[in-house]
Amino acid sequence: MDMISEDKMNRMTPMEKVRMILDGVKNGKILVLEKGLTPNEEAKLIEMTMTEITPDDFAGIEIESYPTKNNQKLLDKIFRKPVIKTRLTVIGPANQLKTLRKDKDLISAIVSSQ
Amino acid sequence: MGLINKVKLNFSSMFKKIFNKKKARIGIYGPPNAGKTTLANRIIRDWTGDAMGAVSSVPHETRRARRREGVTIESNGSKVTLDIVDTPGLATKVDFHEFMAHGLEEDESKRRAKEATEGIIEAVKWLDDLDGVILVMDSTEDPFTQVNVTVIGNMEARSLPLLIAANKVDLPESSPARIRTAFPQHPLVPISALDGQNIDSLYEKIAQHFG
Ligand SMILES: Nc1nc2c(ncn2[C@@H]2O[C@H](COP(=O)(O)OP(=O)(O)OP(=O)(O)O)[C@@H](O)[C@H]2O)c(=O)[nH]1
Ligand SMILES: [Mg+2]
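As you go down the protein sequences, you meet chains A and B in turn. Quick note on my numbering: the first sequence kicks off at 11 and runs consecutively. Quick note on my numbering: the second sequence kicks off at -19 and runs consecutively.
Since the hints were made in silico from the structure, they are not lab data. Since we're looking at a predicted model, the values are computed, not measured. There may be inaccurate statements among the hints.
Computed, partial: chain A to chain B, Cβ under 8 Å [unchecked claim]:
(1) N50
(2) A53
(3) G70
(4) D113
Straight-line alpha carbon distances no greater than 25 Å define the calculated DSS-like cross-link-like pairs of lysine-lysine that follow [to be verified]:
(5) A:K114 <-> A:K95
(6) A:K36 <-> A:K54
(7) A:K36 <-> A:K18
(8) B:K105 <-> A:K95
(9) A:K54 <-> A:K27
(10) A:K108 <-> B:K94
(11) B:K105 <-> A:K54
(12) A:K114 <-> B:K73
(13) A:K39 <-> A:K54
(14) A:K54 <-> A:K108
(15) A:K45 <-> B:K73
(16) B:K94 <-> A:K54
(17) A:K18 <-> A:K54
(18) A:K112 <-> B:K73
(19) B:K94 <-> B:K73
(20) A:K27 <-> A:K95
(21) B:K90 <-> A:K108
(22) B:K90 <-> A:K54
(23) B:K73 <-> A:K54
(24) B:K94 <-> A:K36
(25) B:K73 <-> A:K39
(26) A:K39 <-> A:K112
(27) B:K90 <-> A:K36
(28) B:K59 <-> B:K185
(29) A:K36 <-> B:K73
(30) A:K108 <-> B:K73
(31) B:K105 <-> A:K36
(32) A:K27 <-> B:K73
(33) A:K108 <-> A:K45
(34) A:K18 <-> A:K45
(35) A:K27 <-> B:K105
Using N, Cα and C, we set each Cβ at its ideal position, and we do this for glycine too.
Use the sequences and the hints to build the structure in full.
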């Protein structure tokens, strides 16, 4: 399991993050991201995951995270500037990480070995 | 209707034609099997008389996005003309074994899985070209999925309107309330796309939010 700090994530471009996640997950790793991904990065990750799925080796990923918080201050609202706060995220191979239960404050997942 | 009123109406529709040339483009999103195509078919049948695409209990039935232009919805005095895009169900994984479990041959399952991954890429790309989203969820299922979180996050990041259709309320185990608790910040309409239950409230909300 790799736990990746917010500082490290902040130094990476969206493409570098997606690459790092997919390389890790395809090597059977579970990744814990301290700060998660932006919605745009999540969309990129889904796209890239789809291009790399192959019938016998890689069926995709499982992601666990909480919805982003939209902490808009009044001024940001006036200027329609969204402030997105991303959150703790766990990513793993679809065949190894399974969600048991997920609600607002608690995610239960099980990790199995291949 | 008096002549003045008629003139006014014509004028206002002319005004709309000139200044509102671009119709709002609305994507119908959600996980596989949520009932997106069933809903798209109903909307298009109700307002144009045509049909959209095939519906099936096998997930990833829709593997190419389909667009229908110029669907005018009128409700409670508001009128909107929309381009409606029915998208392939979004997922973070596609396993061909799932198709085999539905009785398809291995080769066909692998081919469908490949098409499903391409469909998902297409659906993600469409997110950049929309003015609003109807997010369809199956109210019998857990709403806290990455797919829902990602679609909502992307709309919020762009300050674009999003309407949640809590579908399949005809089923006894459905719970639109669970969805409302999960995503309280967005308008939600409980519907059955299959039997049409509460569909008029959805049209009302569509006219209100996407106008
Ligand atoms: N009970 C019930 N079943 C529904 C409802 N809406 C859709 N279904 C059923 O759910 C299944 C999937 O419907 P589709 O409309 O194909 O779902 P979709 O979201 O377009 O699925 P994909 O294209 O595979 O992503 C079909 O068997 C539908 O008949 C509903 O309101 N109630
Ligand atoms: Mg469909």
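A quick look at each hint next to the structure:
1. N50: 6 Å, holds
2. A53: 5 Å, holds
3. G70: 3 Å, holds
4. D113: 6 Å, holds
5. A:K114 <-> A:K95: OK: A:K114 and A:K95 at ~15 Å, within 25 Å.
6. A:K36 <-> A:K54: Holds: A:K36 and A:K54 sit about 17 Å apart, inside 25 Å.
7. A:K36 <-> A:K18: 20 Å, holds
8. B:K105 <-> A:K95: With a Cα-Cα distance of about 23 Å, the restraint between B:K105 and A:K95 holds, given a limit of 25 Å.
9. A:K54 <-> A:K27: Answer holds: A:K54 to A:K27 is near 10 Å, not above 25 Å.
10. A:K108 <-> B:K94: OK: A:K108 and B:K94 at ~23 Å, within 25 Å.
11. B:K105 <-> A:K54: Distance of about 9 Å is within 25 Å: holds.
12. A:K114 <-> B:K73: At roughly 23 Å apart (the allowed maximum being 25 Å), B:K73 and A:K114 satisfy the hint.
13. A:K39 <-> A:K54: 20 Å, holds
14. A:K54 <-> A:K108: Within the cut-off at roughly 22 Å; holds.
15. A:K45 <-> B:K73: Between A:K45 and B:K73 the Cα gap is close to 23 Å, so the pair holds against 25 Å.
16. B:K94 <-> A:K54: Holds: B:K94 and A:K54 sit about 18 Å apart, inside 25 Å.
17. A:K18 <-> A:K54: It holds: about 19 Å lies between the C-alpha atoms, which stays within 25 Å.
18. A:K112 <-> B:K73: 18 Å, holds
19. B:K94 <-> B:K73: Roughly 11 Å separates the two Cα atoms, so the pair holds.
20. A:K27 <-> A:K95: Cα-Cα ~17 Å, so holds.
21. B:K90 <-> A:K108: Distance of about 23 Å is within 25 Å: holds.
22. B:K90 <-> A:K54: 24 Å, holds
23. B:K73 <-> A:K54: 14 Å, holds
24. B:K94 <-> A:K36: Measuring from Cα to Cα gives roughly 18 Å; hence the hint holds.
25. B:K73 <-> A:K39: 16 Å, holds
26. A:K39 <-> A:K112: 21 Å, holds
27. B:K90 <-> A:K36: Measuring from Cα to Cα gives roughly 20 Å; hence the hint holds.
28. B:K59 <-> B:K185: Roughly 11 Å between the alpha carbons, so the hint for B:K59 and B:K185 holds.
29. A:K36 <-> B:K73: Since the Cα atoms of A:K36 and B:K73 sit roughly 13 Å apart, the hinted pair holds (cutoff 25 Å).
30. A:K108 <-> B:K73: OK: A:K108 and B:K73 at ~12 Å, within 25 Å.
31. B:K105 <-> A:K36: Judged against 25 Å, a Cα distance of about 24 Å means the pair holds.
32. A:K27 <-> B:K73: Holds - the C-alpha atoms of B:K73 and A:K27 are around 19 Å apart, at most 25 Å.
33. A:K108 <-> A:K45: Between A:K108 and A:K45 the Cα gap is close to 21 Å, so the pair holds against 25 Å.
34. A:K18 <-> A:K45: 10 Å, holds
35. A:K27 <-> B:K105: Holds - the C-alpha atoms of B:K105 and A:K27 are around 19 Å apart, at most 25 Å.
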